[in-house]
Amino acid sequence: MGYLNTKGLKERTFDAIVIGSGISGGWAAKEFCDKGLNTLVLERGRDVKHNKDYPTTNMYPWQFEHRGQLTNEIIKENPVVSKCYAFREDAMHFFVKDKEHPYVQEKPFDWIRGYQVGGKSLLWARQTQRWSDFDFEGPARDGFAVDWPIRYKDLAPWYSYVEKFAGITGNKDGLPQLPDGEFLPPHELNCVEKYFSGKMATVYNNSRPVIIGRAAHLTKPQQIHLDQGRAQCQSRDLCQRGCPFGGYFSSNASTIPWALRTGKLTLQPNSTVHSIIYDDKAGKATGVRVIDTVSKTTTEYFAPVIFVNAAALNTNLVLLNSTSSRFPNGLGNDNGLLGKYVAFHNYRGHVNAKYEGFPDSTTEGRRPNSGYIPRFRNLHKQETNFLRGYAAGFGAYRPNAPMNGWGTDLKAQLDKPKPGVWGVGSHMMGETIPKENSMVSLDPNQKDEWGMPVMRINMFYDDNDEKMVQDYHEQLVAMFEAAGFTDISTNDSKQAPGLDIHEMGGVRMGKDPKTSLLNKWNQLHACKNVFVTDGACMTSTSTQNPSLTYMALTARAVDYALAEMKKGNLK
Amino acid sequence: MNRRIVLKQMIWMGAAIAFMPSCVYKQDKLSIQLKRLQISPDQEKMLASLADEVVPTTNTPGAADLGLHLFALKMADDCFDDASLQKFSAGLKQFTEAKSKKATLGLQQAADDAALKDFARMYKSLIVRGYTQSEYYMTKLVPYQLIPGGYKGCVPVA
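Quick mapping for you: the protein sequence lines, in order, are chains A and B.
Residues 1 to 571 in our numbering are what the first sequence spells out, letter by letter.
Residues 1 to 158 in our numbering are what the second sequence spells out, letter by letter.
Pulled out of the complex, with its shape left as it was, chain B reads as follows (with noise of 0.2 Å):
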């Protein structure tokens, strides 16, 4: 690995770490305050790893690197009617009991099972939202400019 790679990723660590409070290693204690969705420590640190089944770290940030399984607690928690919360934490309750069964079980297997998709699915997209709407992402990857300054109708793709 050559020396700017990993200057960048220590740049990139730099801003995953600044988005995660601070107590995320904290032993046994769950690393976000949460008001209606209930979840244990193990849970948040499988969810932690089914996230990066979705974003993974490569040779540039992931799931993990950014806390993206956080931000997907936070949404849930906060803005998922009661319909979605309900059957966001029943199944994660049902994934949790299956991988406890099979703990090579991830959520791309689940996405295929029938009663496991609706979770893998939800968990899923909150993950890629994460991602798409995480700074990292709009402003190295897909910069979003807050000023564009104009509109133009009809230009060739890029």
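With the rest of the complex left out, here is chain A (with noise of 0.2 Å):
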């Protein structure tokens, strides 16, 4: 490989560095350049600067050539992120396209990549429920994975630092499985959402609420999101083309350009981190060698401390590629376990009806947001023949009615649409079980043009999650019927893992460096200059969708280390 460091060594060493600029590379850079230190952020993909890279936000639906929809040519290249919800014609340029980054699937794996500032958090779904310790103690009461190294005490005063400066819409439910957040105000439950809500409480005993979701949207901005330039969300629901408005949470309206503004961070789009770099004298990590992927050359960085928010598979990636004499396998892999024992969400579950009911009411506007059901399954104890359980999501829409027939009689039907009968619809977050054959791995000989290993993927369902798609269509239907929903159909979409796109695990967090990768301050055991916070930390999945935990644990984990670093302990 040749290197190319013909910047000095003073100009390539920082205080910090942060591998990558997504939703927890964010916020370690906003935390590192708070405290005054002087942070770089290497961002394999290209720079996407807020408002001023989101050339599709403010275009109209027929201002699209196809409407939104992709073509067949599209598809044909991109059988894989062809199947995202959020890749269509207004957003597809913030996706990875299938050619750009292959991997190997030992088994199907539908990978969804957002390579640029700000990562996915630009196209996420926005959803932000907090664990609680019916999530952190699911191991060690399941006898599954090993016991997380915290508990919910541990994170959440991070789950409020987080959510005030990110902005979280919510209602307080005071529900012990989904505890309660710093919310601005909920949105709204429509009538039918409403209606069903209070069905469920009645006839589940309390036991199944149906809430507004948690958003990371400002329904009512506060001064420091005024601050971060943010404003009021507008509902315009349009998130995945990048908000104009920085109405929803992302790295690029929110953590970058704050780190920006203390002069602390040195942004560095187009730099892929090969390895990080370790010491053996010293005993720890001293940088990364970083390849431009433009000019394809090699440089080296230093920093006393390395932040690894490559998003979960990428990070498993770098580190798997940081061998030394004294990490063969990887940095920080003496048990070998490194890679193993990844997990994602099942969302193969849908449940769709019809509500006769609430004839003359309808809703107005857009809603960046959805109703939620936290997990009931097997919450207390065990009462099903599979582990854990699922949240789900739960809507209901009011379309028009159908229109039929020809000529002036159509015409007249389109051009004052009636409303037909509400339609409701739910689908299944389940959590999945890590397995130690669960596991992603670096091909031994294929490379990608940059000369990183290509990625092999090998994860799947198991019984367990077979028998739980079952067990939430059962459940929801019986919920339904309850309900008084009619025409009530069930769809297992059999869709690949990875398409849920909450990969995790590979790096977990445990107490015995035996068995795990990190400590409880999400360090390498191994390497303690070395952090990861980002999804590969992840010891089992639960059923929340993750990023709010990783922005806790982000914050949580740079306040530790700095901490350390004044004592000392990390130079």
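Treat the hints with caution; some may be incorrect.
[What the hints assert, rightly or not] In silico SDA-like pairs for lysine to any residue, Cα to Cα no more than 25 Å straight-line:
| id | chain 1 | residue 1 | chain 2 | residue 2 |
| --- | --- | --- | --- | --- |
| 1 | A | 83 | B | 84 |
| 2 | B | 140 | A | 414 |
| 3 | A | 435 | A | 494 |
| 4 | A | 354 | B | 153 |
| 5 | B | 74 | B | 142 |
| 6 | A | 49 | A | 188 |
| 7 | A | 435 | A | 456 |
| 8 | A | 97 | B | 75 |
| 9 | B | 93 | B | 59 |
| 10 | B | 117 | A | 397 |
| 11 | A | 172 | A | 208 |
| 12 | A | 49 | A | 36 |
| 13 | B | 99 | B | 121 |
| 14 | A | 7 | A | 414 |
| 15 | B | 35 | A | 435 |
| 16 | A | 354 | B | 93 |
| 17 | B | 87 | A | 194 |
| 18 | B | 152 | A | 494 |
| 19 | A | 528 | A | 289 |
| 20 | A | 107 | A | 446 |
| 21 | A | 296 | A | 263 |
| 22 | A | 416 | B | 97 |
| 23 | A | 97 | B | 142 |
| 24 | B | 152 | A | 75 |
| 25 | B | 152 | A | 423 |
| 26 | A | 418 | B | 87 |
| 27 | B | 87 | A | 289 |
| 28 | A | 418 | B | 136 |
| 29 | A | 296 | A | 277 |
| 30 | A | 494 | A | 387 |
| 31 | B | 74 | A | 58 |
| 32 | A | 381 | A | 180 |
| 33 | A | 381 | A | 400 |
| 34 | B | 152 | A | 398 |
| 35 | A | 76 | A | 347 |
Please keep in mind that the hints were generated in silico from the structure rather than gathered at the bench.
Note that the structure is a prediction, hence the values are computed from the model and not measured.
Join these two chains into a complex; the hints should help.
Written out as structure tokens, the structure reads:
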């Protein structure tokens, strides 16, 4: 590999290096910069500046050549990413195309990636639920993976900390399984959703709450949000294009510009991290080797502390590729578990129906959020023939009545649409169990055009997941029937793992260095100045959308790293 | 027809002409470049008149004014998967042949014919989509709000 360390050593030395600028990397950058550390953020993709680089954000539907639809050519060229609901004409420029970054599917895995400044934080579904001890205690109670080294009380103040800055809308529901946060005013459940919520409270004696989702939207911006240059969410529900108001939280609208304003951030796009440099003599990591994605030259950068936030699977890749005489199998990988025990969320199950009620009511405007049913299965104790459970999305909408006929008759219907029967729908978000043979590894032979080993992915559904899909269908059908919904239909999309975009693990946290890679502060047990705070650190997956937890873990880990640096324990 | 309606129609016609490529009225030439679908200029003219059967011009613009047959052709050509395009293409051929024998054959009639119904339904749905997703429809009839500003979960049906 040709090194091109054109800049002097001094210009290439920082107080902290953060690999990745997505939702967790952005937080690491903000926290370090706020505390005055000269921070280098390395992003493998191009720069995407807030507003300036949202080319479709103000386009009307008719201004899209294909009205938002993908062409046959694009679908054929992108059999994987075109399955993603947000990969459409208005946002496909924010996704990795299949041919650009190949990987090996040992079993079907739809790897959805966003290689740019901000990563997938531009594209996420923005649902932000806290974990509770029902989640953190899961592995220990049910005997899988390893015990989490932290509990809710460790993370609660950090959830509050990141929620206040990010701006989270939600209702204080007082549920132990889904702790309340620092909420901005909630979005509204619509009439049918409210009816369903009330009906379920009666039928299931409050054991199956149906609530409005908690989401990263500024329903009522506070000073801290205005200070970021963000404004009130306008309910455009076009978030995947990038929001000109900064109405939802993304690295691009929030943490990155904030960190840049401190003058402490060096943001370097087009920089793929090849590996982390480990110094045998010093017994620590000293920096990173970076490939310029344009010139393909390699440069080394140095810092006393390194945060790996490359997104779950790519964080595994960077660590596996960081070999040295001390760590021949990847950085911190003394126990051979690096890349193993990866898991995801099971999004296969859907249930749809109609509701004949509320004929005189409808909704107005759009809502970038939906109803949410927190996990109710196996919550207090094991009660089914499968482990763990699922949360569910729930939403009702009033479509137009069907329009039939021809000519002037049809035209009259089209010109003045009448409301049809309410539709209701739900999808599951199931916990999957991390297993040793559910893993990622580096292909021994194939390299990409930048000389990085190609990732091999081996993830799959197991019997537990199949039973869970079945139970979700049975339970939701029973709930829909109890509510008087009609035309109930169930669907198993059989979608491959990955399309949930919630891949997690491989560098799991734990108490024991023999069975985990990271300690309770997200530090590699065996290389204390390297921290992993993205999805790779997750010991188990539970059912919540995970980004909020990554943010909280990141802020907490930076706080710890700063304290350790002050004590002289990290140099 | 009063002056107000004439003026309105002139505005709509302006919008419709702007939508159409400049070569629309050239003879014996397709007014749209197609990559996969093969049609003749005569078939294009026929499709234009079939579109008007779905959404006719009344005292407001219809398919012909809005050039919806061109939208339909573009969507089929660019977005249909191979199987759908094949079905559409074969259906169009069958329809053209049937119409050459019976000049009065229309799309509505074809929708009830076992051999022609797939084509009729596919084309109808493209025209309906073109209409409801046209700038005219989304500004004048059922205005699309780029910035709704909020959400109300329960309002009386208007």
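>> Please list, smallest to largest, the hint numbers that this structure does not respect.
In response: 6, 9, 10, 14, 15, 16, 17, 18, 21, 22, 23, 24, 26, 27, 33
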